[in-house]
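Chain by chain, the residues run as shown.
There are 2 protein chains.
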Amino acid sequence: MEVRTRAPGKIILSGEHAVVHGSTAVAAAIDLYTRVSFRLLPPSEGDAGSVELELKDTGLAFSWPSSRLKETFSFEAIGPPLSPTPRPCSPEHSKLIASLVEEQNIPEAKIWLRSGIHAFLYLYTSIHGFKPGKVVISSELPLGSGLGSSAAFCVSLSGALLALSDAFSIDRQTKGWLELELSELELVNKWAFEGEKIIHGKPSGIDNTVSTFGSMIKFRSGELTHIRSSTPLRMLITNTKVGRNTKALVAGVSERVLKHPDAMAAVFRAVDSISKELSVIIESPTSDDVSIIAKEEKLEELMEMNQGLLQCMGVSHASIETVLRTTLKYKLASKLTGAGGGGCVLTLLPTLLSTKIVDKVIAELESCGFQCLKAEVGGKGLEVCFS
Amino acid sequence: MEVRTRAPGKIILSGEHAVVHGSTAVAAAIDLYTRVSFRLLPPSEGDAGSVELELKDTGLAFSWPSSRLKETFSFEAIGPPLSPTPRPCSPEHSKLIASLVEEQNIPEAKIWLRSGIHAFLYLYTSIHGFKPGKVVISSELPLGSGLGSSAAFCVSLSGALLALSDAFSIDRQTKGWLELELSELELVNKWAFEGEKIIHGKPSGIDNTVSTFGSMIKFRSGELTHIRSSTPLRMLITNTKVGRNTKALVAGVSERVLKHPDAMAAVFRAVDSISKELSVIIESPTSDDVSIIAKEEKLEELMEMNQGLLQCMGVSHASIETVLRTTLKYKLASKLTGAGGGGCVLTLLPTLLSTKIVDKVIAELESCGFQCLKAEVGGKGLEVCFS
Numbered sequence: 001m002e003v004r005t006r007a008p009g010k011i012i013l014s015g016e017h018a019v020v021h022g023s024t025a026v027a028a029a030i031d032l033y034t035r036v037s038f039r040l041l042p043p044s045e046g047d048a049g050s051v052e053l054e055l056k057d058t059g060l061a062f063s064w065p066s067s068r069l070k071e072t073f074s075f076e077a078i079g080p081p082l083s084p085t086p087r088p089c090s091p092e093h094s095k096l097i098a099s100l101v102e103e104q105n106i107p108e109a110k111i112w113l114r115s116g117i118h119a120f121l122y123l124y125t126s127i128h129g130f131k132p133g134k135v136v137i138s139s140e141l142p143l144g145s146g147l148g149s150s151a152a153f154c155v156s157l158s159g160a161l162l163a164l165s166d167a168f169s170i171d172r173q174t175k176g177w178l179e180l181e182l183s184e185l186e187l188v189n190k191w192a193f194e195g196e197k198i199i200h201g202k203p204s205g206i207d208n209t210v211s212t213f214g215s216m217i218k219f220r221s222g223e224l225t226h227i228r229s230s231t232p233l234r235m236l237i238t239n240t241k242v243g244r245n246t247k248a249l250v251a252g253v254s255e256r257v258l259k260h261p262d263a264m265a266a267v268f269r270a271v272d273s274i275s276k277e278l279s280v281i282i283e284s285p286t287s288d289d290v291s292i293i294a295k296e297e298k299l300e301e302l303m304e305m306n307q308g309l310l311q312c313m314g315v316s317h318a319s320i321e322t323v324l325r326t327t328l329k330y331k332l333a334s335k336l337t338g339a340g341g342g343g344c345v346l347t348l349l350p351t352l353l354s355t356k357i358v359d360k361v362i363a364e365l366e367s368c369g370f371q372c373l374k375a376e377v378g379g380k381g382l383e384v385c386f387s
Numbered sequence: 001m002e003v004r005t006r007a008p009g010k011i012i013l014s015g016e017h018a019v020v021h022g023s024t025a026v027a028a029a030i031d032l033y034t035r036v037s038f039r040l041l042p043p044s045e046g047d048a049g050s051v052e053l054e055l056k057d058t059g060l061a062f063s064w065p066s067s068r069l070k071e072t073f074s075f076e077a078i079g080p081p082l083s084p085t086p087r088p089c090s091p092e093h094s095k096l097i098a099s100l101v102e103e104q105n106i107p108e109a110k111i112w113l114r115s116g117i118h119a120f121l122y123l124y125t126s127i128h129g130f131k132p133g134k135v136v137i138s139s140e141l142p143l144g145s146g147l148g149s150s151a152a153f154c155v156s157l158s159g160a161l162l163a164l165s166d167a168f169s170i171d172r173q174t175k176g177w178l179e180l181e182l183s184e185l186e187l188v189n190k191w192a193f194e195g196e197k198i199i200h201g202k203p204s205g206i207d208n209t210v211s212t213f214g215s216m217i218k219f220r221s222g223e224l225t226h227i228r229s230s231t232p233l234r235m236l237i238t239n240t241k242v243g244r245n246t247k248a249l250v251a252g253v254s255e256r257v258l259k260h261p262d263a264m265a266a267v268f269r270a271v272d273s274i275s276k277e278l279s280v281i282i283e284s285p286t287s288d289d290v291s292i293i294a295k296e297e298k299l300e301e302l303m304e305m306n307q308g309l310l311q312c313m314g315v316s317h318a319s320i321e322t323v324l325r326t327t328l329k330y331k332l333a334s335k336l337t338g339a340g341g342g343g344c345v346l347t348l349l350p351t352l353l354s355t356k357i358v359d360k361v362i363a364e365l366e367s368c369g370f371q372c373l374k375a376e377v378g379g380k381g382l383e384v385c386f387s
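Residue numbers (our numbering), protein chains in the order written: chain X, 1 to 387; chain F, 1 to 387.
Bear in mind the hints are in silico, worked out from the structure with no lab data behind them.
You may find that some hints are simply not true.
Since the list gives no way to pick out one identical chain from another, each pair is judged satisfied if it fits inside one copy or across any two copies.
Stated by the list, open to error - With a straight-line cut-off of 25 angstroms between C-alpha atoms, the simulated DSS-like cross-links for lysine-lysine are: (1) K175 / K110; (2) K259 / K298; (3) K131 / K374; (4) K380 / K259; (5) K329 / K241; (6) K259 / K331; (7) K329 / K247; (8) K175 / K247; (9) K197 / K56; (10) K241 / K331; (11) K202 / K175; (12) K298 / K247; (13) K356 / K95; (14) K190 / K131; (15) K247 / K331; (16) K356 / K331; (17) K356 / K134.
In this text, all values refer to a predicted model and were calculated from it rather than measured experimentally.
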């Protein structure tokens, strides 16, 4: 039996950086997915089989003989599989996994894959022990550009692994995409968070939560509230492809806070108001085109304001400004999303905007060397399909 | 006897727009001047002579026979010249002046000169009655771009007219540029403010005060504090030449305040903090290159922050963004100055910046069709010279 899962990426609609300093932020799922297919392989006679991982987008595949895994992990080191509460990866376990990752032939240019493979081995062995199986992963999300690709990786992977485990009591005969029960989603989310910790060190937990549950989430000081958009929202996501150092950007804002405490406190209050207003607007019902246009105009104004405040925090970048200028020519509102300093920029695509204009904007942005992705915002979270 | 005066233009270093909503702002004089030369003409026999005005930059000259002025203004209509406190131009007086302006042949394309000529006639006849005289005015300040050209016009003109009147008891034999006594400057400032009212309707009084007294002024809710920079500050002023509708921009910000009261209140608080910090930094002593560099870096950061907040208020413009992007390439900080929506952009020129780089930036900005002016900031106000 094979299971396929898909888990969405995310964008920050408002409040990035300010959230670190106590402001409200809003994140939303986007219909760009990481997809996993997983099947357990029956061991053939005289061969204990292997655990295989294929990363389609990189053209790389990895394989660990089950016997090798069994020999590496003693039961004591990793504990019983599928404990009711997912555990953090212990230092001992981590060390053993690291040695398994080292053995693989990862090209120097793709050395960043290491932490993802590490997370894979942790999740796989925690949930399925040494059972042979094959996992294939592909993604529509650009990596490392703030769209939650690692969370979508961990969620889709955890979802697939759990879907074929005893932890889930789903009817595996149902055809088509299924949404999971709340308790099942919660379990996936917890495992995915453990994976995120391996990849990111100290993730906020927002990315995996949005990817698991979908829709939108308002969060502040660790408190999460699910919100649901009453109308579909379309965004153009422009990946500037400029790599950022998120830690340095976060540190830069903190330094600015030390230097200008009063001004920056006021800036964060402004961002907090914007996020709160945004979430109210998103949830407010729309009945006709007029109310949709009014809603979109409000969102555009809030995006423009948030972008100004991000510039005030010093996290914009020449590439981001280029996107802003280009979309402004078409009277479209944009803001950076995530850490800034490059990365991705959001542009609201109003419902009544003609496809012709959208195509023109995209062509112009792509001619600057950027990558453009169109996305529906606030859609479904993790889904599962058996075949 | 001829008197020459020069009065500087001004820039807003921080706080534009926010000042309307109660925040602190800082304005400074720049060493770009409006110059006036004035002499009284002795009437020749049988001819009462004329009051002549030459506007050198426009190539236009105007003339009113003294007899015509005498016949137009009855003593009752305009009151005694040189009353101790300058009076606002009464509606009756204004009507009479308007008829005198109408009679002049002002080209359609320069119809905006009308209010300046109106102010000229008001100041001239209020201070010198119908005495024949010749005033020549020229300016280094681009008109209508937020650099206080009309205030510099009113201050230099009022200064020249008063310098040859009985109101001033200066030694007219001294050679070279003279600074006036405080009480004399105050009188000039009051007359200039009346001129500004004719040109602008409801001026804030900041522009004429900066032009008269020079240096820098911190102001909030009508309260003015003079501040003095401890080190010279150099700015590149880029005139985008994009005409703005100041009233519409101010109204746009107010509309945003109505729509997002909490967020905008926080934004104005942030601007208030920035202006206060800026004025402290400006006054702080610098002893060596290291402390000058540190000071300039702080000012650059505050400029960048203020610009972000102005973008948050929605008063930036594509032309302004072009200037920002261009100067950012050279790691120079910029912000719009004045109303925004076009107009002028300030770029701090650090003391240790090489002339070569400055020339390169200017060349690049001028190739975009902008006008670049280099200015020393916070220098002298009105000066007078007899010859």
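These are the hints, each one checked on the structure:
{"no.": "1", "hint": "K175 / K110", "verdict": "neither (37 angstroms within a copy, 77 angstroms between copies)"}
{"no.": "2", "hint": "K259 / K298", "verdict": "between (33 angstroms within a copy, 9 angstroms between copies)"}
{"no.": "3", "hint": "K131 / K374", "verdict": "neither (39 angstroms within a copy, 74 angstroms between copies)"}
{"no.": "4", "hint": "K380 / K259", "verdict": "neither (42 angstroms within a copy, 31 angstroms between copies)"}
{"no.": "5", "hint": "K329 / K241", "verdict": "both (22 angstroms within a copy, 18 angstroms between copies)"}
{"no.": "6", "hint": "K259 / K331", "verdict": "between (35 angstroms within a copy, 20 angstroms between copies)"}
{"no.": "7", "hint": "K329 / K247", "verdict": "between (33 angstroms within a copy, 23 angstroms between copies)"}
{"no.": "8", "hint": "K175 / K247", "verdict": "neither (44 angstroms within a copy, 63 angstroms between copies)"}
{"no.": "9", "hint": "K197 / K56", "verdict": "within (23 angstroms within a copy, 72 angstroms between copies)"}
{"no.": "10", "hint": "K241 / K331", "verdict": "both (24 angstroms within a copy, 21 angstroms between copies)"}
{"no.": "11", "hint": "K202 / K175", "verdict": "neither (38 angstroms within a copy, 73 angstroms between copies)"}
{"no.": "12", "hint": "K298 / K247", "verdict": "between (32 angstroms within a copy, 22 angstroms between copies)"}
{"no.": "13", "hint": "K356 / K95", "verdict": "neither (54 angstroms within a copy, 56 angstroms between copies)"}
{"no.": "14", "hint": "K190 / K131", "verdict": "within (22 angstroms within a copy, 91 angstroms between copies)"}
{"no.": "15", "hint": "K247 / K331", "verdict": "between (33 angstroms within a copy, 22 angstroms between copies)"}
{"no.": "16", "hint": "K356 / K331", "verdict": "within (14 angstroms within a copy, 37 angstroms between copies)"}
{"no.": "17", "hint": "K356 / K134", "verdict": "neither (43 angstroms within a copy, 62 angstroms between copies)"}
Comparing the model with each numbered hint stated earlier shows that hints 1, 3, 4, 8, 11, 13, 17 do not hold.
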